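In terms of the working numbering, the sequence shown is residues 37 to 316.
Among the clues, some could well be false.
With a Cα cut of at most 30 Å, we get these calculated DSBU-like pairs of lysine-lysine [stated by the list, open to error]: (1) Lys89 - Lys52; (2) Lys260 - Lys108; (3) Lys292 - Lys235; (4) Lys204 - Lys265; (5) Lys239 - Lys174; (6) Lys271 - Lys143; (7) Lys265 - Lys200; (8) Lys60 - Lys228; (9) Lys85 - Lys134; (10) Lys239 - Lys260; (11) Lys228 - Lys274; (12) Lys112 - Lys228; (13) Lys292 - Lys275; (14) Lys85 - Lys60; (15) Lys265 - Lys275; (16) Lys204 - Lys134; (17) Lys239 - Lys271; (18) Lys275 - Lys181; (19) Lys89 - Lys108; (20) Lys165 - Lys52; (21) Lys260 - Lys271; (22) Lys134 - Lys225; (23) Lys52 - Lys235; (24) Lys235 - Lys200; (25) Lys134 - Lys63.
Bear in mind the hints are in silico, worked out from the structure with no lab data behind them. All values reported here derive from a predicted model rather than from experimental measurement.
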Amino acid sequence: MFSIIIPTFNNINYLKLCLSSLNKNSKLNHEIIIHVNNGSDGTLDFVNKSKYKFTHSHENIGLCKAMNQAVKLSTKKYLVYAHDDMYFCPGWDLEFEKEINIQSDNKDFFLSGTMIQPFESFIYLDCGKNIDEFNEEKLLKNFNKINFNDFQGSTWAPSLIPLKTWIKVGGLSEEYGPGLGSDPDLNMKLWKIGVRLFKGLGKSRVYHFSSISLRKKVWNDGHKTFLLKWTISIKFFKKYYLRSNEFFNGELEDPKLSLGYIIGLLMCKLNFFFYKFFKS
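Make a model of the complete structure from these sequences and hints.
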């Protein structure tokens, strides 16, 4: 049904858990494609011996380039972008399928699942802050007992997008390498081609150990790159365009003028000129 793309960087134990959860808890037949950054921890040997499609780079090329390379192997209509430190809960894919079946074949849209994390975030449920503490039994008994509504404007993984839409906007923008800021940038590119359905599915759930990969090195300043590219901040885009984290109530409309919008836009322009002409 989907091509599930998983970039990984020397994170073999989390990757194995992620793959195990997909194999156990997916209800549909999916294609899994892995991009191995470096892989010197045994990841490259593991995927070489596995049934999974994969691409490989000797160095860590980051999330953006990794995704763009791996997607080239996709043979399915829809892409799911996943992190290697996610555990997919039972039925996650059926919720995506239900939403896809509502849409017409030629429609461009962006969907995401909902993260369960061991701290206050989308859904709070502490089943372990790392793989050694992970309590799978607790998660499986409790993951669907917490109510959480569908919501507007998600930019987070796991996310789903039609392959044709991904190609239309050119995938992830590699100027964000290694990756921070590339998610909202993708949403902005989608907005620019007229996409207005950005929907987070409250019942499609993954457990997220919270950016294990991000702890491995110093990352890029995605907020600055986004501001200089689009002349508004990520925060402004998510608040006034995507209306992120509001309850879902239909497709989005262009932002309405208000005092808060005008003041926020002015601050964005001032910050843009500061970074463009002074800070640089």
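Checked hints:
1. Lys89 - Lys52: With Cα atoms ~15 Å apart, Lys89 and Lys52 stay inside 30 Å; holds.
2. Lys260 - Lys108: Roughly 29 Å between the alpha carbons, so the hint for Lys260 and Lys108 holds.
3. Lys292 - Lys235: holds (20 Å)
4. Lys204 - Lys265: Holds. Lys204 to Lys265 sits at ~19 Å (cutoff 30 Å).
5. Lys239 - Lys174: holds (18 Å)
6. Lys271 - Lys143: Holds: Lys271 and Lys143 sit about 27 Å apart, inside 30 Å.
7. Lys265 - Lys200: Distance of about 24 Å is within 30 Å: holds.
8. Lys60 - Lys228: Violated, at about 38 Å.
9. Lys85 - Lys134: Violated: Lys85 and Lys134 sit about 34 Å apart, past 30 Å.
10. Lys239 - Lys260: violated (33 Å)
11. Lys228 - Lys274: holds (14 Å)
12. Lys112 - Lys228: Since the Cα atoms of Lys112 and Lys228 sit roughly 25 Å apart, the hinted pair holds (cutoff 30 Å).
13. Lys292 - Lys275: With Cα atoms ~11 Å apart, Lys292 and Lys275 stay inside 30 Å; holds.
14. Lys85 - Lys60: Holds, at about 20 Å.
15. Lys265 - Lys275: The hint holds at about 18 Å.
16. Lys204 - Lys134: Since the Cα atoms of Lys204 and Lys134 sit roughly 24 Å apart, the hinted pair holds (cutoff 30 Å).
17. Lys239 - Lys271: holds (25 Å)
18. Lys275 - Lys181: Holds, at roughly 29 Å.
19. Lys89 - Lys108: holds (11 Å)
20. Lys165 - Lys52: holds (17 Å)
21. Lys260 - Lys271: This hinted pair holds, its Cα atoms lying about 12 Å apart.
22. Lys134 - Lys225: Holds, at about 25 Å.
23. Lys52 - Lys235: holds (29 Å)
24. Lys235 - Lys200: OK: Lys235 and Lys200 at ~18 Å, within 30 Å.
25. Lys134 - Lys63: Holds. Lys134 to Lys63 sits at ~12 Å (cutoff 30 Å).
Violated hints for the displayed structure, listed by number in ascending order: 8, 9 and 10.
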